[in-house]
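Respectively, the protein sequence lines represent chains A and B.
Read in order, the letters of the first sequence correspond to residues 875 to 985 in our numbering.
Read in order, the letters of the second sequence correspond to residues 3 to 117 in our numbering.
Any given hint could be a false lead.
[What the hints assert, rightly or not] Taking beta-carbon pairs under 10 Å as the criterion, some of the chain A residues facing chain B (in silico):
id : residue
1  : Glu883
2  : Val901
3  : Arg905
4  : Phe908
5  : Gly917
6  : Thr923
7  : Lys953
8  : Ser957
9  : Ala963
10 : Thr974
[Said to hold, decoys possible] Derived DMTMM-like pairs (lysine to aspartate or glutamate); straight-line CA-CA distance at most 25 Å:
id : chain 1 : residue 1 : chain 2 : residue 2
11 : B       : Lys73     : A       : Glu891
12 : A       : Lys972    : B       : Glu74
13 : A       : Lys933    : B       : Glu105
14 : B       : Lys72     : B       : Asp40
15 : A       : Lys972    : B       : Glu71
16 : B       : Lys59     : B       : Asp32
17 : A       : Lys953    : B       : Asp32
18 : A       : Lys942    : B       : Glu64
19 : A       : Lys972    : B       : Glu64
20 : A       : Lys943    : B       : Glu105
21 : B       : Lys11     : A       : Glu919
22 : A       : Lys916    : B       : Asp61
23 : A       : Lys916    : B       : Glu26
24 : A       : Lys972    : B       : Glu17
[To be verified] A short list of chain B residues far from chain A (calculated; beta carbon distances all over 12 Å):
id : residue
25 : Lys11
26 : Val54
27 : Gly65
28 : Ser75
29 : Thr79
30 : Thr88
Calculated directly from the structure, the hints in this document are not laboratory data.
Note that the structure is predicted; figures quoted are calculated from it, not measured.
Yeah, the Cβ is synthetic: ideal placement off N, Cα and C, and Gly gets one too.
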Amino acid sequence: EDQVTQSPEALRLQEGESSSLNCSYTVSGLRGLFWYRQDPGKGPEFLFTLYSAGEEKEKERLKATLTKKESFLHITAPKPEDSATYLCAVQASGGYQKVTFGTGTKLQVIP
Amino acid sequence: DGGITQSPKYLFRKEGQNVTLSCEQNLNHDAMYWYRQDPGQGLRLIYYSQIVNDFQKGDIAEGYSVSREKKESFPLTVTSAQKNPTAFYLCASSLPGLASYNEQFFGPGTRLTVL
């Protein structure tokens, strides 16, 4: 069974204090790994897709990286508007395109 | 603007009632999904449809039903058989094909509360 574990569950940062969120996964052949941002009471917003180990993607203060067992979402010099829950999800290769989601990391950036 | 809409945003149901949640997309996506989100849990798949007039059960389909008569629409009915329906419901869509990457795009959600 595919599994996604995100850590930490919650993270509190001072504005400008860089850090990383972790997503560990177990999947029978990775087809893609996805990162989403979710604000309270809203639907997840798509951020990145990573396809293979060694790949990196960047968007503003966010950079996502991928290894064979985990992915990191690096946040550089965060601002209060980066506060949200960040979700990681994996898609297994072959057959139905099932996507398994983690429970998320709730990030709070304090001014 | 292309996107996914869900209505209503908030829904209150009395025990024993069926309710239907609406999901419409204009992204020209073939695949559509319904998820349930509860505090402290990951998104759980209720039903999915890869093409019009076809749908499959997800991991937690009991007490729910769907239809897919149009490409743009994928309504979810929460029946009285669903034991614990209070949750945040999310609809998503993605490009078609087993060979494609399943980047799913989500609607704003419907919060259902059973009174």
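Do the hints match the structure? See the list:
Hint status for Glu883(A): holds, given a least beta-carbon distance of 9 Å to chain B, under 10 Å. Against a cut-off of 10 Å between C-beta atoms, the interface hint on Val901(A) is violated, since the closest Cβ of chain B lies about 13 Å away. The restraint placing Arg905(A) at the interface with chain B holds, with a minimum CB-CB distance near 7 Å, inside the 10 Å limit. Because the smallest distance between the Cβ of Phe908(A) and any Cβ of chain B comes to about 6 Å, under 10 Å, the interface hint for this residue holds.
Annotation: Gly917(A) was flagged as interfacial toward chain B, and the flag holds, the nearest CB pair being 4 Å apart, inside 10 Å. For Thr923(A), the suggested interface contact is upheld, since its CB lies about 5 Å from the closest CB of chain B, less than 10 Å. With a least beta-carbon distance of about 24 Å to chain B, the hint placing Lys953(A) at the interface is violated under the 10 Å criterion. With a cut of 10 Å, the hint placing Ser957(A) at the interface with chain B is violated, because the nearest CB-to-CB distance is about 18 Å.
Here the hint on Ala963(A) is kept, as its CB sits about 8 Å from the closest CB of chain B, short of 10 Å. For Thr974(A), the interface hint holds, the least distance from its beta-carbon to any beta-carbon of chain B being 7 Å, beneath 10 Å. Restraint check for Lys73(B) and Glu891(A): the C-alpha separation of about 45 Å exceeds 25 Å, so the hint is violated. Using a Cα cut-off of 25 Å, the hinted pair Lys972(A) and Glu74(B) holds, with the two alpha carbons roughly 21 Å apart.
At roughly 17 Å between alpha-carbon atoms, Lys933(A) and Glu105(B) fall within 25 Å of each other, so this suggested pair holds. Of the supplied pair hints, the one linking Lys72(B) and Asp40(B) is violated, its CA atoms being roughly 29 Å apart against a limit of 25 Å. Restraint check: the Cα-Cα separation between Lys972(A) and Glu71(B) comes to about 22 Å, which is no more than 25 Å; the hinted pair holds. With a C-alpha separation of about 17 Å, the suggested pair Lys59(B) and Asp32(B) falls inside the 25 Å cut-off, and the hint holds.
At most 25 Å may separate the alpha-carbon atoms for a hinted pair to count; Lys953(A) and Asp32(B) exceed this at roughly 37 Å. Restraint check for Lys942(A) and Glu64(B): the C-alpha separation of about 35 Å exceeds 25 Å, so the hint is violated. A threshold of 25 Å between alpha carbons decides the hint, and for Lys972(A) with Glu64(B) the separation of about 18 Å falls inside it, so the pair holds. Pair hint Lys943(A) plus Glu105(B) holds up; C-alpha atoms about 20 Å apart against a cutoff of 25 Å.
Between the alpha carbons of Lys11(B) and Glu919(A) the distance comes to roughly 17 Å, so the proposed pair stays at or under 25 Å and holds. Our distance criterion of 25 Å between C-alpha atoms is met by Lys916(A) and Asp61(B), whose separation comes to about 22 Å. Distance hint between Lys916(A) and Glu26(B) is fulfilled; the C-alpha atoms sit about 16 Å from each other, no more than 25 Å. Distance hint between Lys972(A) and Glu17(B) is unfulfilled; the C-alpha atoms sit about 32 Å from each other, more than 25 Å.
At roughly 9 Å, the least C-beta separation between Lys11(B) and chain A is not larger than 12 Å, which violates its mark as non-interface. Every C-beta of chain A lies more than 12 Å from that of Val54(B), the closest at about 17 Å, which supports listing it as non-interface. The claim that Gly65(B) is not at the interface with chain A holds, since no C-beta of that chain comes within 12 Å of its own (minimum 21 Å). The non-interface label for Ser75(B) is consistent with chain A: the shortest C-beta to C-beta separation is roughly 17 Å, beyond 12 Å.
The claim that Thr79(B) lies off the interface holds: its Cβ sits roughly 20 Å from the closest Cβ of chain A, which is beyond the 12 Å cut-off. With a cut of 12 Å on Cβ distances, Thr88(B) stays outside the contact zone with chain A, its closest approach being about 15 Å.
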